[in-house]
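> Chains as they are written, first to last, in this note's numbering: chain S, 1429 to 1508; chain Y, 1429 to 1508; chain P, 1429 to 1508; chain E, 1429 to 1508.
Heads up, some of the hints might be wrong.
When chains are identical, the list treats them as one kind, so a pair holds in a single copy or across two.
Mimicking BS3-like on lysine-lysine, the simulated pairs with C-alpha atoms at most 25 Å apart in a straight line are [said to hold, decoys possible]:
1) K1490 <-> K1503
2) K1478 <-> K1503
3) K1478 <-> K1490
Hints are computed from structural coordinates only; laboratory data are not their basis.
Keep in mind that this is a model prediction, so the values were computed, not measured.
There are 4 protein chains.
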Amino acid sequence: ESANEFRSQRDSLIQRLQETEVRNQTLEAQLTDLEQRLESSQLEREAFRKSLRSLLELLDSKIFELNELRDALAKLLEGS
Amino acid sequence: ESANEFRSQRDSLIQRLQETEVRNQTLEAQLTDLEQRLESSQLEREAFRKSLRSLLELLDSKIFELNELRDALAKLLEGS
Amino acid sequence: ESANEFRSQRDSLIQRLQETEVRNQTLEAQLTDLEQRLESSQLEREAFRKSLRSLLELLDSKIFELNELRDALAKLLEGS
Amino acid sequence: ESANEFRSQRDSLIQRLQETEVRNQTLEAQLTDLEQRLESSQLEREAFRKSLRSLLELLDSKIFELNELRDALAKLLEGS
Chain S
1429 ESANEFRSQR DSLIQRLQET EVRNQTLEAQ LTDLEQRLES SQLEREAFRK
1479 SLRSLLELLD SKIFELNELR DALAKLLEGS
Chain Y
1429 ESANEFRSQR DSLIQRLQET EVRNQTLEAQ LTDLEQRLES SQLEREAFRK
1479 SLRSLLELLD SKIFELNELR DALAKLLEGS
Chain P
1429 ESANEFRSQR DSLIQRLQET EVRNQTLEAQ LTDLEQRLES SQLEREAFRK
1479 SLRSLLELLD SKIFELNELR DALAKLLEGS
Chain E
1429 ESANEFRSQR DSLIQRLQET EVRNQTLEAQ LTDLEQRLES SQLEREAFRK
1479 SLRSLLELLD SKIFELNELR DALAKLLEGS
C-alpha cells in the first residue's frame, strides 16, 4: 500500500475514534445520572418506609388503646 | 512522513478504537441494566403505593364504622 | 262500764279503723306503683345492656378488622 | 243494744284494728325497702352512665387520633 492510503486510513480512524469517545462520554454521563437517580430513589424509598413504620407503630398503639377501652366496657357490663 | 509511520499510526489507532468500542459496549450494557432496575423499581413502587392506597381506603371505612358505633353509643346514652 | 261508754269506744274504734284502712289502701297503691316503676326500670336496664352488648361485639369486630389492616400494612413493609 | 253487745263489738274492732296496723307496718317497711332499692338502682345507673360517658369521650379521642394517623398516611402517599 502506498503512504497515501495509510494516511487516508489513519485520518478515517482518527475521525471514528473521536466519534466513539464522544459517544463514550455521553454514555458515562447518562450512567452517572441514572446512578444518582437510582440512589436518590432508594434514599426516598427508605425515608418513605421509615415514616410508614412509624405510622404502623402508631396504629399498633391505637389498636392497643381501643382494646383497653373495649375491656373497660366489657368490665362495666359484667360488673353491674 | 513515511509509509511506515502512517501504518504504525493506523495500527495503533485500530487498537485504541477497539478498546474504546469494548468500553462502549460495557457502558451500554450497564446503562441497559440500570434502566431496567430503575423501571422495575418504579413498577414495584407503583404496586406498593397502590396497595397502600387500598389500605388507606380500608382505614377510612373502619374509621367511618367506628364513628357510627360512637354515634349509636351516644344515642343510647341520650335516649335513656 | 256503762253501755254508753262501750258504744263511744266502739264508734271511736270504727273511726280509727276506717282511717287505718284508708292509709292501708294508699300504701298498697304506692307499693304497686313503686313495684311497677322498679320492674319497668329493670326492663329498660336490660334493654340498655342488650344494646350495649351489641355495641361491644361491634367494637370487637372493628378492632379485629383494624388488626387485619395492621397486619396487611406490616406484610407490605416486610415484603418489599 | 245491750252493754254486752257494745263490748263485744268493741273487742272485735280492737282485734281488727291491731291486725290492720300490723299490715300497715309491713306495708311501710316494704315501701321503705322498695324506695331504697329504687334509689340505689338509680344511683348505680347514674354511676354506670357516667362511666359510659367517659368511655364515649375516650372513643372520641381514639377516633380523632386514628383520623390524624389516616391524614399522615394520605400525606405520605401524596407527597412522594
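> Determine for every hint whether it applies to the structure shown.
Tested hints:
no., hint, in the structure
1, K1490 <-> K1503, "both (20 Å within a copy, 19 Å between copies)"
2, K1478 <-> K1503, "between (38 Å within a copy, 14 Å between copies)"
3, K1478 <-> K1490, "both (19 Å within a copy, 23 Å between copies)"
In this structure, none of the earlier numbered hints is contradicted; all agree with it.
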